[in-house]
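Student: Residue numbers (the numbering used here), protein chains in the order written: chain A, 116 to 449; chain B, -3 to 333; chain C, 2 to 337.
Check the hints yourself; a few may be wrong.
To be verified - Once the Cα atoms are required to be at most 30 Å apart in a straight line, the calculated DSS-like pairs of lysine-lysine come out as: (1) B:Lys330 with C:Lys159; (2) B:Lys209 with C:Lys159; (3) B:Lys326 with C:Lys194; (4) C:Lys213 with B:Lys209; (5) C:Lys213 with B:Lys326; (6) A:Lys291 with A:Lys165; (7) A:Lys165 with C:Lys128; (8) B:Lys329 with C:Lys128; (9) C:Lys213 with B:Lys333; (10) C:Lys126 with C:Lys194; (11) C:Lys128 with B:Lys209; (12) A:Lys298 with A:Lys373; (13) C:Lys126 with B:Lys326; (14) B:Lys329 with C:Lys159; (15) A:Lys247 with A:Lys291; (16) C:Lys159 with A:Lys373; (17) C:Lys126 with B:Lys333; (18) B:Lys330 with C:Lys194; (19) B:Lys330 with C:Lys128; (20) C:Lys128 with B:Lys333.
Hint data in this document are derived by calculation from the structure and do not stem from the laboratory.
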Amino acid sequence: MKKLIATLLALVMVLSLVACGGGKSGEPVYAIICKDASNPYMSRMVQGFKDACADIGVTALEKSPETTSAEDQIAIINDLVAQGVKGIAIAANDAAALKATIKAATDRGIAVVTLDSDTEGSQMFVNQAGVKEVAQVLVDSVYDMTGGEGEFAVLSASSTATNQNAWIAAMDTIIKGDSKYAKLTWVETVYGDDESQKSTDEMQNLMTKYPNLEVVCCPTTVGVLAAAQVVTNNPDCGIKIAGLGLPSEMKDYVGEGKACPYMYLWNPIDVGNCSAYMIKAILDGKVGEVGTSFTADNEKTYDISAGDPAEKQIIVGPPFQFTGENIDDWANVY
Amino acid sequence: MATKSGRTISSVREFSAKSLLIRWEFLLILIFAGVNIMNISLSPYYLDAYNLFTNINGFLTKALVALPMAYILLLGEIDLSVGGNVCLSATVLGVVYNASGNIWLGILAAIAVGTLCGALNGLILTKFSELAPMIVTLATNIIFRGLSERILGDGSTGGMQKIEWFTQLYYGRVGNMVPYLFIIFCVLALVFGLVMHKTVLGRQMFAIGENSKAAEYAGIKVQRIRMLVYTLAGLICGITAVFYCSWMGSVKSNACEGYELEAISMCVLGGISTAGGKGTFTGAFIAIFIVGLLRYGLNLINLSGQTIRIILGALLIAVVLYPTIRDAIKNRKKAIK
Amino acid sequence: MKNTKNKIPGKISGLLRSRESSLLLVMILLVAVIQWRSGGMFLTGTVITQLTQNYAYTIVLSFGMLLVLLIGGIDIAIGATLALSGMSTSLLMASGVITNPFLAFLFSILVGMACGWIIGVTISKGKVIPIIATLGLQYIFRGLTYMVSGSNWVSSDKMLAGYKSFAQGSFLGINNLFWIVIIMFVAMLVFLKWTSFGRQIYEVGSNPEAAKISGIHIDRVKIAVYTINGAIAGLAGAMYTSMYATAQGNMANGAEMDVIAACVIGGVSLNGGQGSATGVFLGAATIAIISKSLSLVGIDAFWQQALKGGIIAVAVLINVIVQRNAARRALERREI
């Protein structure tokens, strides 16, 4: 029994050492909450957030939940409130469920912004690129790759992925709303659950089911990766891949004559960076009403537009196009 | 699996079964104290009672599921479908409420669906008693979650938080301090504990877990009790779904993923053997708070979710390894003497 | 007992009643329905090739799980073992330490073996119940996967060309990955039927006390089985990363459940001591066919999960009913 107590005490000591190494006391703390721990896209955002925090002169704190659930994120927000951080940036795992928890945080004077995925109650959504703009470039890539006419399909992440669902819905609106796209036939939307095996299956099944398929549009990194790999291994199928993907993961597949002629994404580092400055701006009281604009501490001017469901939003930038020419350079960045 | 391994293990440790149990709880209390001392020394924020209750509330929905799971493990069985069951019940609550505008109807439907799902497990397992509970509940888990996915599609259901008193179910507190959910949980745990240790039914469950064949020959209605326990688990899943909805205000088809394993590890840490027939409810009760508070403390010192998982996994194994290591040390000492 | 009956050669009636043949029948029925509902799209060379290639690693995992289930254990950490071995191998390839595809496979197997050995020791020497030991170690292995990779992925361009092309290549018209399955299958058949160690595995599973009395080192058998299972998961990790040309921290998350379902459908008993390589192969193939074909048949995406669970449940139930009938018939015959 003595040994047990000794072990426990030793454990306590080790952990206190870990804790002491954590943050510099005194400095205000901004925290960023990821969707989960497994995503390189998310870790680029964290990287940008940390850089900005260093420039602002605050301590940055990275928190990643154990699972991709809203529950774990709620627990983390509660912990952060208990710790007395000044600001929280969160990539929300649910569009509604975090509302009450976020309100408890903002009631205590903590600035809460959302990035990547929005949720109710957030004071500001740092939108990587407007939903319509993303949907528009996706539809336009499909239009361009099919030559304006033909069959295409969408291979998405899981059916509960909020961002992907919003983009797909917006694509639908755009295609139905413009006669220019009348000759495009949207054959099916399938879900690869962001798993390589399922995405590969779904991609291959699309090819089997629709022999005249010309383009598959994948607004998710795992999906676009799997689809591009399938096409690369079946060079005769003549299908082209459009979508959103991380250049570092897609380096082998993007370029003229390859599976994916070009694809889009915004710069996740910028999104993370910007959200730290937004926290600062909210705390400084710089953010005005919807329709006004302001200059943040990074000396960039942002226009505030009405968000949904967040009250306000700013848009970081239009989606950026990656082609065979620039992919190698960007692959080293993110 | 249950009876066989149960028999071998109990025959190994029979000599000190009772003293082991007492010591096990002592060990748990020690760990519980250790976790609290660690948390207090690590973080000045830990002892804020309001925050502490906020956080305890955060793991109590999972802990609710752990209550009937203790019974199921006690029988030497396992229920992997609780996560899917809570998810489906919560989905039904949201959909019924939105269709009818009546939250009571939603609550009733959720509890009914939860109970029915549990009864379905029970029915399959008692009618085909040679089937392993693990595989049946694995399949029904996929079915329940799949049905929720079918109902919700790529969307979600919500809006229950518009009703103030319904939101208060989870967020409300007595004296602006102790959450209702905490009180409800403690009362339920007390009832579960008393039934397990002080009633005939409880003793019968122990007997079944120890050796279900022998229990059957002794006149215990094994299948009826199994049916009852699985249905009870379903009922609690339905109730959990109500609190989940009150908490989240929105349900997606991936809600409550992983509840089953979380609940199982809480019970096992509490000394309820998955081989059946062994354990105390007090142990499970303490273990629920050990897991919850340890996670809270590790979060407060800002370890990443994955590191926390590693620590929890190591703790689980260390605790279940403890009796073996202790016995080995004892035997060696004896040998030296 | 049933096994010995089925072994009598030349008895067609016995063969028909065997568990494997009833499963084969279910499978043929399933394929027929799929073939009909998909408008003849299923039974084509392309789809079969895709199926064998895409599910090779799951089938391989099932063979490892078979051994573990035979000794009355279970391993829910194989997904995490797969991820840890696949990820560490890919990382070493990316950093240029491993420059040979063969060495990459070997290293992955070794990492898996180490994981399996730890599981085996915890279970046998530590006397921890298998599901709890593997539940805890699953958290640890998965956490380590994220740790070593720093939550990043290893992309295709950082992997060896030979490593990636292995999974796409074929020999005698059969995909390389499926060759691994075939070799594993034959090895399992031989191992379980004709080696004394294979027999010991059955013995330990069906009656551990008797096995102990007859002089089998139970602990040694257990550690060996979990180590083999780990090695197989490591092999599957290499197959996975070479097949998809990417290594991601959450890969094969939850694969263990599909694999256990495959084994049970294949007639393996979770109580230990009962099951065959042929059955597991058929069971894993059934799961693969279901997973592959649900979207091919044109079933609504949101129905697929519920239907998959339903098919697993029905397959398990059919198995039980067939078994019951067989047992009853055997009893009736004895009375006559």
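Student: Each hint needs a verdict: does it hold in this structure or not?
Tutor: A quick look at each hint next to the structure:
no. : hint                   : verdict
1   : B:Lys330 with C:Lys159 : 57 Å, violated
2   : B:Lys209 with C:Lys159 : 58 Å, violated
3   : B:Lys326 with C:Lys194 : 42 Å, violated
4   : C:Lys213 with B:Lys209 : 23 Å, holds
5   : C:Lys213 with B:Lys326 : 24 Å, holds
6   : A:Lys291 with A:Lys165 : 42 Å, violated
7   : A:Lys165 with C:Lys128 : 46 Å, violated
8   : B:Lys329 with C:Lys128 : 20 Å, holds
9   : C:Lys213 with B:Lys333 : 29 Å, holds
10  : C:Lys126 with C:Lys194 : 28 Å, holds
11  : C:Lys128 with B:Lys209 : 24 Å, holds
12  : A:Lys298 with A:Lys373 : 25 Å, holds
13  : C:Lys126 with B:Lys326 : 15 Å, holds
14  : B:Lys329 with C:Lys159 : 54 Å, violated
15  : A:Lys247 with A:Lys291 : 14 Å, holds
16  : C:Lys159 with A:Lys373 : 18 Å, holds
17  : C:Lys126 with B:Lys333 : 23 Å, holds
18  : B:Lys330 with C:Lys194 : 44 Å, violated
19  : B:Lys330 with C:Lys128 : 20 Å, holds
20  : C:Lys128 with B:Lys333 : 25 Å, holds
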